[in-house]
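**Q** Here is how the chains run, residue by residue.
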Amino acid sequence: MNYFLTEEQQMIQELAAQIAREKIKPVRAQLDEQEEFPWEIMQVLAQADLFGLYIPEEYGGMGGGILENCLAIEQLAQACIGVATSFAASGLGAYPILLYGSEEQKQRYLPEVAAGKRLAAFGLTESSAGSDVSGIKTTAVRDGDHYLLNGNKQWITNGGEAEIYSVLALTDRSKGPRGASFFIVEKGDPGFSFGRKEKKLGIRASATRELIFQDCRIPKDRLIGREGIGFINAMKTFDKSRPGIAALGVGLSQGALDLAVEYARQREQFGKPIITFQAIQHKLANMAIKTEASRALLYAAARHMDTEPPDASKLAAMVKVFSGDVAMEVATDAVQILGGYGYMQDYPVEKMMRDAKILQIYEGTNEIQRNIIGQELNKEYSRIKETFF
Amino acid sequence: MHIVVCIKQVPDTKNVRIDPDTHTLVRQGVESIINPFDLFAVEAALQIKDASSATITVITMGPPQAEEALREVLSRGVDAALLLSDRAFAGADTWATSVTLSAAIRKLGNVDLILCGKQAVDGDTAQVGPEVATLLDIPYATFVKKMEPLDAQHLKVTRQTDEGTEVWKLSTPALITVIKEVGEPRLPSLRHKMRAKKAAIPVWGIAELGLDANDVGLCGSFTQVVRVFSPPRRTDRVIIEGSLEEQVEQLYRYLKEAKVPGI
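These protein sequence lines are chains Y and L, in that order.
Going by my numbering, the residue at position 242 of the first sequence is 242; the numbering climbs one at a time, nothing skipped.
Position in the second sequence (from 1) plus 1000 gives the number in my numbering.
Possibly wrong hints are sitting among the right ones.
[Claimed, not checked] Simulated restraints on C-beta separations: (1) PRO1232(L) / ALA293(Y): 17 to 23 Å; (2) PHE1229(L) / THR6(Y): 48 to 54 Å; (3) HIS1154(L) / ARG196(Y): 50 to 56 Å; (4) VAL1030(L) / ILE232(Y): 55 to 61 Å; (5) ARG142(Y) / ALA1051(L): 45 to 51 Å.
Simulated from the structure, these hints should not be mistaken for lab results.
Each residue gets a CB set at the ideal place from its N, CA and C atoms; glycine is no exception.
Input sequences plus hints: build the corresponding full structure.
**A** See below:
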């Protein structure tokens, strides 16, 4: 379908698709099987200028926005969302700096992230704080020209592999969420270490580790923005990054649909290709409808969100929820269409089904997304004076 | 350092057609790709550029559609491109092609290094590189897998031949044809891709090159393709399968039955 993308946006798609086809697809099964971090592919993506799509040109990026970033993520995700997650997570880690960082911090960190020289990561989740962000316990205490960080961050994507971490910590425990602040922590900072690499159901090419802060001492200029705006920064960051998760979903759905249709056209039972059977046709039709719908919503919403609208949170939540749920359904149906073959590791759809599940969980569970949408609806309608009855 | 890379657009080997009258390849309407070996030459040039400050110009002789191939190479980081295109160039054999390419390189001037792929996958002659060097009267080395600059005027090149590896010292300007061992061709980057889309690509014909129409294309060709045919499929092949030990044993038996001396 023609989405009226600009020439530049089409080039991004083309280039990301070429990388997916030539560099990711041939190794995705191996990366999954061996839980290998895709450093080689990260270098290819860096050399292709894709890490800086959403970063302004003055900081070494390509000056695009959410849509440009999503177009690349979608294409990469068609081959493997484990790889694409590692790519997208660097953006998630950089956004707090891009949104609220000082000019000096932006000059120092963003060009390296844009060039893909250093990966970034985002540290928010803790063992007792996931959906409920206000439950975080990690603290940052001012000590002269330094801050002293203590606490643990759990399940951090790119943990151990990234060199730049945006970490949320409490600077004032008494203020609850208003007492949270973001800090830039670098790999190698004293008192900063990593836990073991987690074993996961899917996206096994991506690395997930615990971040451990034990009297981690960092200079005071690593505070992003000012004390107390950490929670707002996290929410604004998610408005920018959640469409990326949606793009992972759209890419995965398309990848699963492609395989399912191709298989159904070739596989013969009762003397006919199974695509001629209505049961299969309807399944494929529903997969195609949902995939295209999730793409259409993502592109339209991403374009809208790039204009910095007031309803960004609602739309970011909508695209994340919809394409994540669609990806899970489409991948599950693809396995069903491939039947026994689909269940075997020789075919890539079982991996897609394992991978898809995370889309409903990370960067805010789909339940939390629905809460956000519901709360935003409540706010929105409270401002409307007329009655619809 | 100014490096010129010569590339060729070849028909995608999946669908090759031969013109029944001229017995040459039909290029129009057939999907074209860059000769894969030429992409290794581009990669070798880019590696030199990565390590030092080189300027790379890529040239090709072909129909107007060959511009696509030049833009593709520009998107991988080459600095400039030049298309040699003229109706008079049509039907060129390797000699007429080399006459045209060498005239263009002479006109460009100040070229330190010329890189080519070891051969094109359509004609498979491997002649154009050495012919261009001969016409320019510069040294050349073929089937090179590695090159290192020794000083401003010399290169150390490692050649892969059927007999083994040779290391040569070559004075520049020189021409080198490369093999795939120089390194896997890099993919385009977005910045280069955007630049490539807008890049102005000059087109030179016989007028610009100061060549006579009789010296290029079919008129300037010493060879003409009389007939093209597929060799009859050999049916006497035997494929030996099994473990390595079993294969060796079977091979030994075959050789013995064939009464090969010394077995």
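**Q** For a quick check of understanding: which of the numbered hints are violated here, in increasing order?
**A** 1
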